[in-house]
Amino acid sequence: MFEDRVKAAETLCLKLPKFTDKKNTFVVGLTRGGVVTAKVISDYLHFKLKALIIKKIGVPWNEELAIGAMTSANDVFWNESLCKELAVSKVQKRNMVLEKEKELKKLANLLKLQTKEDEFNKKNIILVDDGVATGISVITAAKTLRKNGAKTVILATPVIASDTLTSIKKYFDKVIFIKQSQNFYSVSQFYNNFEQISDKKVAKILKL
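Per my numbering, the sequence shown starts with residue 43, numbered consecutively.
No lab work stands behind these hints: they were computed from the structure.
One should not assume that every hint holds.
Unchecked claim - List of simulated lysine-lysine pairs, DSS-like, C-alpha gap at most 25 Å: (1) Lys98 with Lys60; (2) Lys242 with Lys64; (3) Lys154 with Lys243; (4) Lys132 with Lys189; (5) Lys164 with Lys148; (6) Lys246 with Lys216; (7) Lys148 with Lys193; (8) Lys242 with Lys147; (9) Lys65 with Lys142; (10) Lys189 with Lys154; (11) Lys49 with Lys216; (12) Lys147 with Lys246; (13) Lys242 with Lys189; (14) Lys154 with Lys216; (15) Lys189 with Lys147; (16) Lys212 with Lys185; (17) Lys189 with Lys64; (18) Lys144 with Lys249; (19) Lys216 with Lys148.
Unchecked claim - Just the calculated beta-carbon pair ranges, DEER-fashion: (20) Lys154 with Asp117: 35 to 41 Å; (21) Trp103 with Pro59: 14 to 20 Å; (22) Glu106 with Asn235: 17 to 23 Å.
Using N, Cα and C, we set each Cβ at its ideal position, and we do this for glycine too.
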């Protein structure tokens, strides 16, 4: 059990490998909680902190059940087997993407996050989230970073579901974690304090 995101990140720092190419290595946190964790790591390593907005896509009748995730309308990852099982149509997918695209743009404007096309080109990326359950968010992030020319993508997270760890390794050059669990219901179960992170707090962290 971790006390909070900061304490978890401090322990995670000790497991990170040494990076020699400081100029071309970024720490990228996933909004929102991942940015808090990433800030600790970027300070520890003295690397530039970046953020990536990920929007999970839930089925229309249950938003909590994620069947996909996206960083833009052109960067969408679907859990195709789950979409097929739930009989989610192409029309439904398109409508969900359009709706989430509005949310993405709104949040990007609020946080003043305008990613340049070549921002991650030939860069080493330490991708950070506060915990990985299904892996759909970090997979989407990895695909986006690779598409934008990232040289290497390393995933760093305090806790990850055991079955997810097995299935997502192929998307990353390395996966670094403190704890893996077979009984994984939600990321919050591994934290004493798992406060909801506001957009205002993320904006403040990114401006520091």
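Among all the numbered hints in the text so far, which are the ones the structure does not match? 1, 2, 5, 6, 7, 9, 13, 14, 19, 20, 21
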